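Student: So the sequences go chain by chain: A and B.
Mapping of the first sequence onto the working numbering: residues 6 to 117, in sequence order.
Mapping of the second sequence onto the working numbering: residues -13 to 99, in sequence order.
Since the hints were derived computationally from the structure, they do not count as laboratory data.
These figures come from a predicted structure and were not determined experimentally.
All C-beta atoms in this analysis are idealised placements derived from N, C-alpha and C, irrespective of residue type, glycine included.
Check the hints yourself; a few may be wrong.
Said to hold, decoys possible - Okay, the calculated bits of chain B under chain A, using three or more residues with CB under 8 Å as the criterion:
1) 49 to 63
2) 86 to 98
As the list claims (entries may be wrong) - Only part of the chain A face toward chain B is listed, based on derived beta-carbon distances under 8 Å:
3) 34
4) 44
5) 45
6) 47
7) 65
8) 67
9) 68
10) 105
Listed below are the residues making up each chain.
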Amino acid sequence: QQQVKQSPQSLIVQKGGISIINCAYENTAFDYFPWYQQFPGKGPALLIAIRPDVSEKKEGRFTISFNKSAKQFSLHIMDSQPGASATYFCAASINTGNQFYFGTGTSLTVIP
Amino acid sequence: DTGVSQNPRHKITKRGQNVTFRCDPISEHNRLYWYRQTLGQGPEFLTYFQNEAQLEKSRLLSDRFSAERPKGSFSTLEIQRTEQGDSAMYLCASSSGTGGIRCFGPGTRLTVT
């Protein structure tokens, strides 16, 4: 079964807008929650990651919000730019070195 | 280029044939992972190595699949008697263990006809 559920499946945002992608998980043993960005023909690349001892982490335009009690986390992309058009995956793992469980992905299109 | 490299990038094979893919990880990374990604889905874990030891295998990895990492360097993933359901992108990644996976390789796209 899907260990990490991701929504929406696709998202269209105007340039300068805020993109929000949500993920939910069930396994409370997960302690590492990364987000990956994937462009066509490329492998996923790490964007930003968070551990459950913090509720928010920001790096540039990207912010992760984490709600441990709700077992949910989300990616916010501020001031979205056309170059950010890609597929975004959330993931979760028990420790950073073990297998990652990925969401089904969100295809983001930023319209100029 | 110090990223993860994979060869070949594309492979077309007929059903029933055997195929082998190669992954060259980032040199100082001791962990190496294989994932499979189908269209519109997130990567699914197949197996991972710490140095030359294969530590975990997914139930997705049937007995037709075998992976090796001799001497803890590059890795190969072999699929025997390929089936159409094996058509997917096979992704490799490496990590130092504590840092998590930063980047996957470009993948090998397998098409089984």
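Student: For each hint, tell me whether it holds in the structure or not.
Tutor: Hint check:
no., hint, in the structure
1, 49 to 63, "violated (count 0)"
2, 86 to 98, "holds (count 8)"
3, 34, "violated (15 Å)"
4, 44, "violated (10 Å)"
5, 45, "violated (11 Å)"
6, 47, "holds (6 Å)"
7, 65, "violated (16 Å)"
8, 67, "violated (15 Å)"
9, 68, "violated (19 Å)"
10, 105, "holds (7 Å)"
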